[in-house]
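Novice: Residue strings, one per chain:
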Amino acid sequence: MVHHKNELKQKQTENKIDHLEDQVKHRQMKWAMLIVTLAAIMMLGACKKKVQQAPAPPPPPPQPAPTATLTANPSTIEKGQSVTLSWETTNADDVTLGPNKVDAKGSATVSPTDSTTFRLIAKGAGGTQEATARVTVTQPAAPPPPPQPSATDQELFNQNVKDVYFDYDSYEIRPDAQSAIAGDAQFLQQHPNISFTVEGHCDERGSTEYNLALGDNRANAVKTALTQAGVSADRIKTISFGKEKPFCTESNEQCWQQNRRGHFAYGK
Amino acid sequence: MRKILPILLVLLFASFAFSQTDWIKTGTGLGQERVRLAVPDFKPVGADQQTTSLKKVFDTTLWNDLSSAGIFDMVSKSFYPLQVPGTPQEVNASAWANEPPKAGMLAFGNLDAAQQDIAVQGWLVDVNNASTPPVLAKQYREKASEESARKIAHEFANEIIMRLGGGVNGITDTKIYFISNRTGHKEVWQMDYDGNGQQDITKQGSIALSPRISPDNSRLAYTSFAKGGVDIAMYSLELNRAVTFPRFGGTNLSPAWSSDGTKLAFSSSRTGDPEIYIVDASGQNMKRVTAFKGPDVSPVWNPKTNSQVAWVSGRTGLPQIYMMDADGTNVQRLTDQGYAVSPSWSPNGQYLAFAWIRHYGPGAPGNQDIYVMDIASKRFVQLTHDAGRNDFPSWSPDNRHIVFQSDRRGRWQIYSMLADGTQQRELTQSGENTQPNWSFK
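Chains as they are written, first to last, in our numbering: chain W, 1 to 268; chain A, 269 to 709.
Looking at chain A on its own, in the form it has when it is part of the complex (with noise of 0.2 Å):
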């Protein structure tokens, strides 16, 4: 943990370097420097055509893994010598350590698929220290096929990504759910962190939404409007197919999984009003948390200690942004003003994202923007800026991106930012996609 800590920071609060806008970004940890690493293409083994279109597939997944990363300063590929390694004897230590490429580190190797199957070596070494053995060796070797290529591309980023970035698993090989109007119905899908293989998972027909995959990765808990009321809905991954769960009457929304995986937390008017109640994963032994009128929604746990929730509560007008113990008590409200939802709570316990009109009325400057909040000292730092209306914050497991739904392009789709709001990517396109949820693994 306290290696994490100062990267975070770091990553949260800083980069004057990217900042080219006209807002004022604050942190500490400012002077720290990433790591400069060199990616060169692999080097391919044969020239048949297999082979060149499978590299093009991976040096590109590759690429991307790194960059996005949000750990490397990566060393443009037009300052790289002319003479690419494929294997250890080939690297020219000095060549990468000088100017101009000026790396810390090299990642490089070979691939062949001029067969069935495609066969990848991957070294990261330290330029500067050309006599010690290398960082990371690693060899693959999978069925032939685009999808075994970005496999491959996104385990090797993984490692490469765990051995310089203080021991944090990547996030290469997480998924992303969301909602997904494409077939003419809200239906859950899901894809992989950077947006490729999207494919829909429930086929009801009706109204699905929220999706919230298990810790696990078996079950995705969502409020689905299928059974004529608004329920909560239960999907397994491993059966592919609903599982039942109970229905409790009036409108149940927004389930939220304890990071263990043994509680829910959702919606649920029941008794006429939206509180807050907690059931165990089968959905039994419900009990509630809140007791307030008017809207209570939106829950979301404490991943590191599952002892605490966050929801949205309209208890006061507009809705804010509140903090509980998991038992109903402590009740503390964190937003001020404007309207304020769509809470989600960092891996690490410490950060809440979330979007938040914040200056709220006719006229008031500003849109709805991605926030995050220091839950500790309550200070905060915007995200998003000047584009569109921006909503649905959800964590990634390293605790260094974040996923969110924008319509700054005029329709609602999916982006991903590193959780300092730089590096903003669309990742989808066709039709509108909203309530990303990013895996907890």
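For reference, chain W alone in the conformation it holds in the complex (with noise of 0.2 Å):
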């Protein structure tokens, strides 16, 4: 009861951080678009108000205004490769490539390893210049997926072994059951990398423990019976479920026929 309680609480309290968080988002979208909506409100005023208290200056002596170009070459790469970056500005004092202080005109080589906006600003008393080169960075094709055999040996394992049925309280290999053993046996003697686990299982009416020992001789049996139609016993686990994992829960003997047997699974 206690445990219900607490799954519960935590549920609650799981849904509330939710709502929270939701609630955080939401303040944040509203507190960002009041911060736009204030600073285009104050550009609009800042530029109003120049315009306003400029007192016809005289007009500045005519200076050349700065150009700049920059190129990536090529301009996409795949990760690890490097690209060369070139540029060339006129009528500037000041130029930088991204964070660094640059030549008027040079070239660098870079490596990045996303794509990257490279941004040339060139400044000068005739104004500033920029410029800007996009590098895209594709990630190199992933090498093709190495071949599963497994998979269909998997496949193939689940297609054609079959389970072998037992009658009540009873872990001896039914006449009808031979020839399910021999097809087992020879699919398995075809393929004879596939490692598998025997399943003994019983039906819900046995006592739990002697149930347990019952799937421990079926899974036995039938790993007796592979054995002597060949297949090496090193390859075949056995494991004992008794009643805990039953494929029908029904009580009915039909349901109970299906719980009663010893079940084939793919690995070890």
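Just so you know, the hints here were simulated from the structure itself, not pulled from any lab data.
Glycine residues also receive a C-beta, built at the ideal position from the N, C-alpha and C atoms.
One or more hints might be untrue.
Said to hold, decoys possible - These stretches of chain A come out as covered by chain W in the derived footprint (C-beta under 8 Å, 3 or more residues):
1) 537 to 546
2) 562 to 569
3) 579 to 585
Build the complex from these two chains, which are given one at a time in their own frames, with help from the hints.
Specialist: Put into structure tokens, the structure is as follows:
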């Protein structure tokens, strides 16, 4: 009871946290919009002020405006390759490429790991000029996935290996199960790389502990039949589930028969 | 031992008085009368809320403990005098000794939980010999809580049971370990003997089965699927965690402690066929004691001697109960037909309880029921009747009670009863609960 309550409480708390996070996000968005709006208003205001206050200054002496060009060669690389950036500016006395001060003209080799936009800023008496160059970095093509023969092995295993069914309270291989065993053995000999598990199962009527022992006898009866048919014992693991993992949960003979079996599982 | 024996025989085979059904009970010592015990609610010292609520817990627990002890004829409360005593001075002995209560013994006292503590004074007096001093005079003090109220009631009940029950310790402080799937996985749980205080022990998220508590209550051996096989696992109740235990290969299950705590018997299929093995409590010195094709499982020690083991074998087809010396010699078959599983050996060494579909086959009468066999005579009595399937009996340390699982109401739940089959009580309700194991003390 306590356990359930705690779980419930935790769930409620998680829900609350989700809700709170939503609220926080919501608030953050509201704030962001408010700031953008305020900034817009202030900028508009500032512009207006300038226009109003500017008392017709003397026209500045004409200065040639700076120019800037930036190229990346090649503009698309695979991750790990490098790219040459070349730039040229005129009429500028302060040239920066990204965070670094650079010469008015030059080139550099870089190896960005992600797609990057390089930014060249040329500042001069005549103003500021900006140029950008985009380098796209592609991820190297993934190597082709290794062939997985085991997947097909498993499929074949599941298609071809048939479970073995038992009578009530018995671990003897029934005459009608011999053909299943023979087919299983044939397949397993043709696929000698497959290791597998034989699970012993019982129906719900017996007692828990006795059924675990009986299920073990069933799994080992199947294992013995297979080894006698030529399948190597070290490929076979056995486990008993007794009545702990039924295939069918109704209380009738049809269902009980489903649960009295040696079940084959791929791998061990 | 001499003193206990008649009581046990009475318990086991007796009680015409209780049988209102059409099955027949026979036995010896049927004329022996039980002590008529009156247990009025304790007198509250204050009228505060905490005293009132804790007194209710105390009164209920004390009454349940004494009525389920199996050795008293509880005098119905409706016969009690109106004046309820809180101290020996307030006892009007003749009012209790005469009709209508006609009590032999009177257990009474007072309870005070007005402050941080709960304080209880309790007496047991022989109302037919009013001049003699009380048989019992006890006082208890604990931090006030429902748990404390229950604990004090259990302790006082145990004193009364020991004094009037031939010196045998009561079982009110014992625990029952069991498997529950209420969290979605089969885990080991524990509860008080009366079903209170249920709590989980393992948290493996796998399948746990067959919990068996060590005689000193320090360790729990069980069957675990957690490591990809079926293995014996060991859990320390002192460290509150799993401790290492060897893996033997194959399917390993149904561990059983010897009553001195030095050995474990269990079933292992490490050779490809489930057989009974005995190891030291550490898991070392493994010895195989059975060798017969087919399931051999569910061993239990004779707790009196630790020199015999009873177990279940399918060597002749349907499972039957067998018994042997602990070295594997002197094998005897104890059941002669049907489907017999889940033996539990009584602490006094005399009886085996087990689950039996006696008349097995399509259309056969009866179901899986709990039986008790007297080992010396091989005579048996059926304890459950017409109530679903019943399995996994486990004896209480006083030989007077048996806990077991039953699906009589649809899902598997745990029930307790007296060892004569009377007073059956459901102890669990949540999820499915199975394989109860009563602690040694």
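Novice: Mind listing which of the numbered hints don't hold for this structure, in increasing order?
Specialist: none
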